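Here are the chains, one letter per residue:
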Amino acid sequence: MKLTFEVFFPALRPWVQNLVNVWPAPFVKPQFASFEVLHILSLILLGGTAILMNLRLVGAGMTDETPSEIYRNLRRWQDLGVIGIVVTGVLIGMANAERLYDSTAFIVKMIALVAGIVLTYGASRPVARADGAVSNGARFWLLVGGALFLLGLGVFVTGTLINVGLFHLLTATALIVLIALTGRLRWIYLAGLIVLIAVQQYLTHVTIGTDDIAKLDPVNKTFFVLYSLWIFGAAAVQLFTKGRGREAGALAKLIAYATILVWVVGAAAGRWIAFA
Amino acid sequence: MIREALVWLEADLGKGAGDTAQSWSQALEGSLNFWNLLEGTHVLTLMLFAGTIFVVDLRLLGVTFRRTPVSVVSDRVLPLTVAGFILMFATGLALFLAKPVVYYHSIWFRAKLVFLAIAMLNIVIFHTRVQRNQAAWDTLAKPPSAARISAALSLISWIAVITMGRFIPYNWFDCGKPIPHVMNVLENCAASEHGAVDKESMAKIAGGRAQ
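Chain order of the listed sequences is A and B. Positions 142 to 417 (my numbering) are the ones given, in order, by the first sequence. Positions 1462 to 1672 (my numbering) are the ones given, in order, by the second sequence.
If you're looking for bench data, these hints aren't it; they were derived computationally from the structure. The structure presented is a predicted model; accordingly, all values stated were derived computationally and were not measured. Built from N, CA and C at the ideal position, the CB exists for glycine as well. Fair warning: there could be bad hints in the mix.
Some chain A residues close to chain B (C-beta under 7 Å, calculated; not the full set) [what the hints assert, rightly or not]: (1) Lys170; (2) Gln172; (3) Ala174; (4) Phe176; (5) Glu177; (6) Val178; (7) Gly189; (8) Gly202; (9) Asp205; (10) Val305; (11) Leu311.
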């Protein structure tokens, strides 16, 4: 069964169909591409600030400054990014409502949006403001945001034709871990990644033909699991390893990883609305 | 000559024997998921690339990190920007390989390249001229006007690159459609397989028929 908003709200279709006629949708529709640009620019602002604020908690990026100083300088820009994605998202959503109503990726995007807001405002920012100290409130919001994030991932994994988009999550995690790890651990991690990529390429391009989908599918799925084990395993090691000596504790790092990745998943799901 | 090279790239490069053989370009465009993954990665990488370069530009404009030396912000943030750029460039190149002739005739793709060139030129000028006396203004909350102009130009040109990139899939000015003469010229539509159809000429013909 395809999980869409229709499954939960089957009676809403006539209302959704009419949204395109409700102001301001008739104004937005002819300028759809321009509003898309504003949506992307907002996402860039949100993504850039989330990356810098949370990488600092992980122990990378702007390590010369305290997490609270980074928070103080970026919070208003991040607010602007969040407001931007919500406002432009509502506008382009109204102009394209029926497609979103029938899209599994849109459900993932909405769950990730809520999880992203919960993790950012409830956990990541308070932790950055407190220079890495994790309060009980932040722990609570980590649980709420984390549960929503996992729910979104669950829908993404089971979504036919869209679950390939999870490779974006893997790529982003792989990059963050590569940036965060230091010394010998970084090289071991990178070597492992290269070996996995080389073996996968050999199997899918030499041993199996590139057009033999029946054989390629299980191999690619197996490699998705292997990549996940290697990358998230390395992330787990990084959580408990002292790197440059200026990062926060394991729980604060977990919050930081989750906060960057939840926005990546939201953005990836948004992109896959167009593909499936 | 460029178009012929791109046609060869699209239709012949990597093509094996047999009637159903595909070139690398055709295989990439027709792939089940790979093109989507490349495109998704290209867009998502903007968060890393543009998101971090915007922060450096905002510091140079004197609107954020005013107490942090410019060199600290750029030394720590720009390596992330470069990593994002490498990923974006690699995926962008692969996406271009999938439909080189379509992009060649796209006004948005051409405009994107122009703004990309402006952004790159701005980086070169910043590093060779503006940055020369950085020690004198490194800790200033508001850097000198040359640095601020360079930052503003960087912001504008990257936003323009992103905007042009987003417009590429839209067919408002595709060759073969009745479009303004200037667009036909700018897109070299006369050389395309769809040809050039001038909107002005079409309007004249329609007007003549009406009379």
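Results for each hint:
Given the 7 Å rule on beta carbons, the hint for A:Lys170 is violated: about 13 Å separates it from the nearest Cβ of chain B. This hint is violated: A:Gln172 has a C-beta 11 Å from the nearest C-beta of chain B, more than the 7 Å allowed. Against a cut-off of 7 Å between C-beta atoms, the interface hint on A:Ala174 holds, since the closest Cβ of chain B lies about 6 Å away. A hinted interface residue such as A:Phe176 counts as satisfied when its beta carbon comes closer than 7 Å to some beta carbon of chain B; here the least separation is about 10 Å, so the hint is violated.
Given hint, A:Glu177 at the interface with chain B, holds; its Cβ is 6 Å from that chain's nearest Cβ, closer than 7 Å. A hinted interface residue such as A:Val178 counts as satisfied when its beta carbon comes closer than 7 Å to some beta carbon of chain B; here the least separation is about 5 Å, so the hint holds. Taking 7 Å as the C-beta cut-off, the interface hint given for A:Gly189 holds, the closest approach to chain B being about 2 Å. This hint holds: A:Gly202 has a C-beta 6 Å from the nearest C-beta of chain B, less than the 7 Å allowed.
For A:Asp205, the interface hint holds, since its Cβ comes within 7 Å of a Cβ in chain B; the closest pair sits about 5 Å apart. A cut of 7 Å between beta carbons decides the hint on A:Val305: the least distance to chain B is about 4 Å, and the hint holds. Annotation: interface hint on A:Leu311 violated; nearest CB of chain B at approximately 11 Å, more than 7 Å.
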